[in-house]
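2 protein chains.
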Amino acid sequence: MVRPREFDEQEALSAAMRVFWEKGYEATSMGDLTERMGIGRPSLYAAFGGKRELFEAALRAYTKSSLVYIENKLRSATSVRQSLIGYFQGMVDGSAGNNPDFGCLCVNTMVELAPHDSLFADITGEYQTRLTELFRQLIDNGMRSGELPGRLNPSSTARLLTLSAIGLSVTMKAKPDREYAKQVAAEILTLLE
Amino acid sequence: MVRPREFDEQEALSAAMRVFWEKGYEATSMGDLTERMGIGRPSLYAAFGGKRELFEAALRAYTKSSLVYIENKLRSATSVRQSLIGYFQGMVDGSAGNNPDFGCLCVNTMVELAPHDSLFADITGEYQTRLTELFRQLIDNGMRSGELPGRLNPSSTARLLTLSAIGLSVTMKAKPDREYAKQVAAEILTLLE
DNA sequence: CCTATTTTGTACTCATCGGTACATAATGTT
DNA sequence: AACATTATGTACCGATGAGTACAAAATAGG
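Residue numbers (the numbering used here), protein chains in the order written: chain W, 22 to 214; chain X, 22 to 214.
In short, the hints are calculated from the structure, not lab data.
Do not take every clue at face value.
One copy or two, it doesn't matter: identical chains are merged, so the pair holds either way.
[What the hints assert, rightly or not] No more than 30 Å apart at the CA atoms, straight line, and that leaves these computed lysine-lysine pairs for BS3-like:
#1 K72 <-> K94
#2 K94 <-> K44
#3 K85 <-> K203
#4 K203 <-> K44
#5 K203 <-> K72
#6 K85 <-> K72
#7 K44 <-> K85
Whenever a hint applies, use it, and build me the whole structure from the sequences.
Quick look at the structure:
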């Protein structure tokens with residue numbers, strides 16, 4: 022009935038996510054976006070609305086896939102301790118594969134946009150809540166199985182792990198010193214003793 | 022011999038620091054700066070060089086005064102544990118007085134500028150190193166006096182405290198939930214048990 | 001094959017960006 | 001009081017920002 026889209030919306034969104042991830046929201050121009058997404062300006066506006074809306078879509082896509090990735094990663098190991106080692110070491114090793122060393126888009130957004138824009142405060146807050154919930158369940162399981170000491174408070178410990186993840190993300194982004202970060206990542210696990 | 026400056030350079034720099042602190046580097050315009058600093062554009066350029074140079078000066082002033090403030094805060098308490106409680110609770114309570122809830126300028130810079138600008142990676146890295154050193158000394162003292170258990174590794178624990186401080190700063194900035202943050206801040210101290 | 005409909009590329013809009021030229025005002029020295 | 005020197009305010013610069021108008025191109029249905 023009409024002329025079809027010449028680009029894949031998911032791919033374009035993924036490319037946009039990368040750019041925002043690398044440069045931040047303010048420092049990313051529409052020119053950067055169209056170039057990396059491989060589409061023209063009007064196509065971008067027609068498909069996504071505008072810079073802010075595009076960023077929102079990119080951030081939502083990020084949180085979704087990131088949480089799925091983390092959930093799988095935490096599930097894949099043989100013990101609670103191994104799960105967390107895998108998670109934190111993974112952050113250090115360039116996020117285990119396809120992710121560049123630009124920290125966590127969600128953390129970046131917490132710093133750049135959340136204080137002035139409640140929409141992004143909500144989205145990032147939700148991400149944090151769900152990440153903490155994943156940690157809490159994991160700790161709960163570990164305590165039930167006897168792997169972890171019974172005196173831990175699962176909720177508090179989970180919050181502390183989230184806090185550590187945020188700190189590690191920022192540290193890795195600012196100064197990607199693998200050796201240093203690996204030590205810190207290992208040290209985080211002493212929280213479980 | 023000549024016409025003197027009509028503004029106080031320290032005050033102007035302090036005002037600039039505040040603006041960068043609140044809005045971030047990219048989102049701050051020269052207009053924002055001149056307005057809040059109460060000076061004209063040419064005066065700003067004559068006195069500070071340009072936006073980047075002004076930011077550098079503001080960041081250096083921040084790190085300097087912040088480290089002095091933290092050092093005093095840590096020294097003022099009667100025990101190591103009380104020192105750290107004071108420090109972390111202080112971050113939550115709106116930085117104990119004169120600081121708004123915009124996190125730590127240094128952490129903000131680690132996220133926004135450090136990955137793309139080695140000058141700021143260096144400045145923020147130095148800040149982090151010195152903060153960690155303050156923590157390490159404190160822990161060392163606590164272990165010597167017998168307040169802290171002997172099995173702690175002062176360096177590792179200090180790094181973990183720095184990581185937690187970063188995480189708490191980001192969390193507070195994004196979603197200033199005092200009650201939540203207070204709990205997390207208290208939980209951080211379990212690292213010392 | 002023709003037409004209605006949507007996408008695409010080019011070229012623009014206006015606002016704002018960081019930075020500056022220049023004339024005027026204010027000082028210390030003589 | 002006159003001058004050299006520096007600070008200030010106005011008014012500007014070219015570049016770039018996000019967003020859009022419009023015509024050409026590409027499809028599906030008739």
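Cross-check of the supplied hints:
1. K72 <-> K94: Intra 32 Å, inter 43 Å, cutoff 30 Å: neither.
2. K94 <-> K44: Within one copy only: 27 Å inside, 36 Å across.
3. K85 <-> K203: both (26 Å within a copy, 29 Å between copies)
4. K203 <-> K44: Intra 25 Å, inter 32 Å, cutoff 30 Å: intra-copy only.
5. K203 <-> K72: Close neither inside one copy (36 Å) nor across copies (36 Å); limit 30 Å.
6. K85 <-> K72: Classified as within: same-chain Cα gap 20 Å, cross-chain 37 Å, threshold 30 Å.
7. K44 <-> K85: Both. Shortest intra-copy (21 Å) and inter-copy (28 Å) distances satisfy the 30 Å Cα cut-off.
Hints 1, 5, counting from the list given before, are not met by this structure.
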